[in-house]
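Peer 1: Knowing the structure of chain Y, use the given hints to seat chain Z on it.
Number of protein chains: 2
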Amino acid sequence: MQVFALPKTLAVSAALLISSSYVIAQPKLLTEKELKQVETVRQTAMNSNLGYEILESLTTEVGPRMAGTPQDTLAVNWAVDKFKELGFDKVWKEPVTYDTWVRGVETAEVIAPYPQQLHITALGGSVSTPDGGITAPLIHFAHLDDLKKADPSMVKGKIVFISYRMERTKNGAGYGKAVAARSTGAVEAAKKGAVGVIIRSIGTDTHRLPHTGIMRYQDGIIQIPAAALSNPDADQLVRIFSRNKPVSIKFELGAKPAGEFTSHNVIGEITGSQSPEEVVIMGGHLDSWDLGTGAVDDGAGVALTMAAAKLIKDSGVKPKRTIRVILWANEEQGLKGARAYAEAHKHELAQHIIGAESDFGAGRVYEFHSLVTEKDMPFIDQMEAMFAPIGIKRGHNKAGPGPDLIPLYGLGMSVFRLAQDGSDYFDLHHTADDTLDKVDPKALAQNVAAYSVYSLMMAQYNGDLARPKQDKK
Amino acid sequence: MQVFALPKTLAVSAALLISSSYVIAQPKLLTEKELKQVETVRQTAMNSNLGYEILESLTTEVGPRMAGTPQDTLAVNWAVDKFKELGFDKVWKEPVTYDTWVRGVETAEVIAPYPQQLHITALGGSVSTPDGGITAPLIHFAHLDDLKKADPSMVKGKIVFISYRMERTKNGAGYGKAVAARSTGAVEAAKKGAVGVIIRSIGTDTHRLPHTGIMRYQDGIIQIPAAALSNPDADQLVRIFSRNKPVSIKFELGAKPAGEFTSHNVIGEITGSQSPEEVVIMGGHLDSWDLGTGAVDDGAGVALTMAAAKLIKDSGVKPKRTIRVILWANEEQGLKGARAYAEAHKHELAQHIIGAESDFGAGRVYEFHSLVTEKDMPFIDQMEAMFAPIGIKRGHNKAGPGPDLIPLYGLGMSVFRLAQDGSDYFDLHHTADDTLDKVDPKALAQNVAAYSVYSLMMAQYNGDLARPKQDKK
Chain Y
-3 MQVFALPKTL AVSAALLISS SYVIAQPKLL TEKELKQVET VRQTAMNSNL
47 GYEILESLTT EVGPRMAGTP QDTLAVNWAV DKFKELGFDK VWKEPVTYDT
97 WVRGVETAEV IAPYPQQLHI TALGGSVSTP DGGITAPLIH FAHLDDLKKA
147 DPSMVKGKIV FISYRMERTK NGAGYGKAVA ARSTGAVEAA KKGAVGVIIR
197 SIGTDTHRLP HTGIMRYQDG IIQIPAAALS NPDADQLVRI FSRNKPVSIK
247 FELGAKPAGE FTSHNVIGEI TGSQSPEEVV IMGGHLDSWD LGTGAVDDGA
297 GVALTMAAAK LIKDSGVKPK RTIRVILWAN EEQGLKGARA YAEAHKHELA
347 QHIIGAESDF GAGRVYEFHS LVTEKDMPFI DQMEAMFAPI GIKRGHNKAG
397 PGPDLIPLYG LGMSVFRLAQ DGSDYFDLHH TADDTLDKVD PKALAQNVAA
447 YSVYSLMMAQ YNGDLARPKQ DKK
Chain Z
-3 MQVFALPKTL AVSAALLISS SYVIAQPKLL TEKELKQVET VRQTAMNSNL
47 GYEILESLTT EVGPRMAGTP QDTLAVNWAV DKFKELGFDK VWKEPVTYDT
97 WVRGVETAEV IAPYPQQLHI TALGGSVSTP DGGITAPLIH FAHLDDLKKA
147 DPSMVKGKIV FISYRMERTK NGAGYGKAVA ARSTGAVEAA KKGAVGVIIR
197 SIGTDTHRLP HTGIMRYQDG IIQIPAAALS NPDADQLVRI FSRNKPVSIK
247 FELGAKPAGE FTSHNVIGEI TGSQSPEEVV IMGGHLDSWD LGTGAVDDGA
297 GVALTMAAAK LIKDSGVKPK RTIRVILWAN EEQGLKGARA YAEAHKHELA
347 QHIIGAESDF GAGRVYEFHS LVTEKDMPFI DQMEAMFAPI GIKRGHNKAG
397 PGPDLIPLYG LGMSVFRLAQ DGSDYFDLHH TADDTLDKVD PKALAQNVAA
447 YSVYSLMMAQ YNGDLARPKQ DKK
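From first to last, the protein sequence lines are chains Y and Z.
All residue numbers for the first sequence refer to our numbering, where the first residue is -3 and numbers rise by one.
All residue numbers for the second sequence refer to our numbering, where the first residue is -3 and numbers rise by one.
Bound-form chain Y, shown alone (with noise of 0.2 Å):
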């Protein structure tokens, strides 16, 4: 039997030598016994609390970590001792500098024709009003693109109010087709002649509570400051609007730069056991706003990957490559970290198997999606079996990278991804109300099973999991 299936092998092996860009010896998939262990690392994660344990602490013990504040630090820190707390094998940090911004005063009213506070806060990056406020005239779009098409000279002087509402999705489609607003809405506004730009958060929720994020200035068009409002005070902007009366607000904004900060990207291995060059990254970002303590938006990133590594380390098991959990630096204000990582670690890039970065909350994993070639099917068709029990389906093999993983994804790097559940994300992102109790430990728990698997497998399979050519860059 063996000797007739010789000559098929043989056209499956140079069907390999064609599709394939490399000359490699056929992987091996995991064995019985070690797919067990990957099923015990699971199950041990599915019952075990300490991903929620590892949030707890670091959203209590330093709580809102803003890069470049005093907490930034505190949360290096509190890593590098959690890391070692957690015995993790070699533990280490790696400088990442930037500049940095700070918030300061941020009120908002409506000063006619119905005089009544607003709640707003300032768009990461922007500049402060004059002190004692701007009151204009406001003008109002109902999306980005009709301030693009809108006549100048209705704009200039005014304050620019967009008011288009981000859509709930599942899988956080709808943030795509509205941050443009937030990111670009001060420059689209200010070539316009506008002396500030308020947009309707970048959120899903209806609470007074608006949601921050980064937004970009342009070389060469004027700096007017930017914030946005909570989504019902952009309900009642709108509804003023409907009377037909013209509107006129102040808003005051005390944001500034604050000059250049160092902090550092923090990292803790398991090292491998057979080829511990080689190393499966899963992380988060440590940074996060300012403005609610960091529990979906990324503790629950930083705390489930570490939760996953620390699990498989006590489950006795010896996974052959390293997996390596980063806790990236200011992922927030423009992947800081992300880039030193992938700028300190450019010539190891062979080494760096494949990344996957929990950056979407807290909710179930779903899906997952891989970026692998056709060798490697066989061993998503394992990962598809130990991945079903925890209610994870398997996806499409066009996986993109997790925001920290960008620049190592530039860098021809393969990616997995588990699509998380964010309905709710949305609700929390970068706002006050990110605090641990939308955390659901169960959920969590889930999550630290999956990269539990997602991790252990990549380390025991020795396949290059390189990926398909079509997706390289």
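Calculated from the structure, these hints are not laboratory results.
Mixed in with the good hints there might be a few duds.
Copies of the same chain are indistinguishable here, so a pair counts whether it falls within one copy or spans any two.
The calculated PhoX-like cross-link candidates involving lysine-lysine, where the alpha carbons are at most 25 Å apart (straight line), are [claimed, not checked]: (1) Lys166 / Lys342; (2) Lys166 / Lys434; (3) Lys80 / Lys241; (4) Lys173 / Lys342.
Peer 2: Using the frame of chain Y, we list chain Z on its own:
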């Protein structure tokens, strides 16, 4: 047949003479025609958006309207104008004078062991802290009763934190169990030498929007500043205390008294066609707290009772008694309008047939409660039949007054209660989140229908609706 029936009728009358405290003609039930009219108005109300439109107008064009602020006056003017616009037969206002209070700055932060901001709001009536705030050790009590039992030496010089969490209930029963910490916490803490008190908000939500509400000082007890933390902030403090390290906080309140102010109860009537001097009362309170726009507390009560009377008027039915809608001034800071109304009308009490106030949000009415003698029970049977089709069941015959009916109830007036589903009411109550988007227009329309049934039936019935003897004060 009539002759033979006579002795039986006499027997029934004799029984009534014994069981009832009034010797009057047997009340006449509503005729079939009158019941049809009630059904028509009810159906119109269920399909009308008028209540929501009035509420939208009040919350948009006036917005927050705390007693004593310029918006208090705007609200009074709005109400007079709205009653007139709606075509009420008679519209007037009655003066109400009270001492006022303003909020000012309110900030709080944990100083040790884990520095971070807290979200607080001053309780209504609180004194200010010194400029720059108070920094002191924080002492945690799980309940007001624990504070009462505490050794003063443990409390002296500290800020008291009471973390009791209000329970969510349909009928609001959780409020009564929790609210003493708000109303008397400052007095109890000051008795033990505390320098300030911070309570967990009396509310059921999980958002970082603290709940204000009135508090009281006591003669002879030093007045200390009092504030409420949002639920997530209180959770955070409890977690911080669980680390068994000394906790200290700083908080600053700029709250202070702001002099005497005269506002008005605003009253609109549909004048009775047969007994115009007899009035059936309904209404809500016109003031709100300053943090939100008072949509559920109590814009809803204002709007839905105005709408109910207006729809009766529009139906063409001429109610026999007068239907009087009262929009009371300054309920929040001590039933000031209600007391003024009762004082001004105490000599007309016999003509105040019955009252019902809507002051529990905009949730659906699920039950009604009466407070009548046996002779009026056949009429209550008629009401039961009219309420049933809109999902309102018959409750008990021990109705209590809404807050603004307490003074009239105290003078002996009967009351009627339309019990609302308040499951979500204390998520919003006295917070910035009390905004129009929280109101379901369909549920509000059902309330309008309920109050139209109540007021029209009470106006058409000729029974005196006196209270049972044992319930009279």
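Peer 1: Indicate, hint by hint, whether the structure satisfies it.
Peer 2: Evaluated hints:
no.: 1; hint: Lys166 / Lys342; in the structure: neither (34 Å within a copy, 60 Å between copies)
no.: 2; hint: Lys166 / Lys434; in the structure: both (17 Å within a copy, 23 Å between copies)
no.: 3; hint: Lys80 / Lys241; in the structure: between (62 Å within a copy, 22 Å between copies)
no.: 4; hint: Lys173 / Lys342; in the structure: neither (32 Å within a copy, 62 Å between copies)
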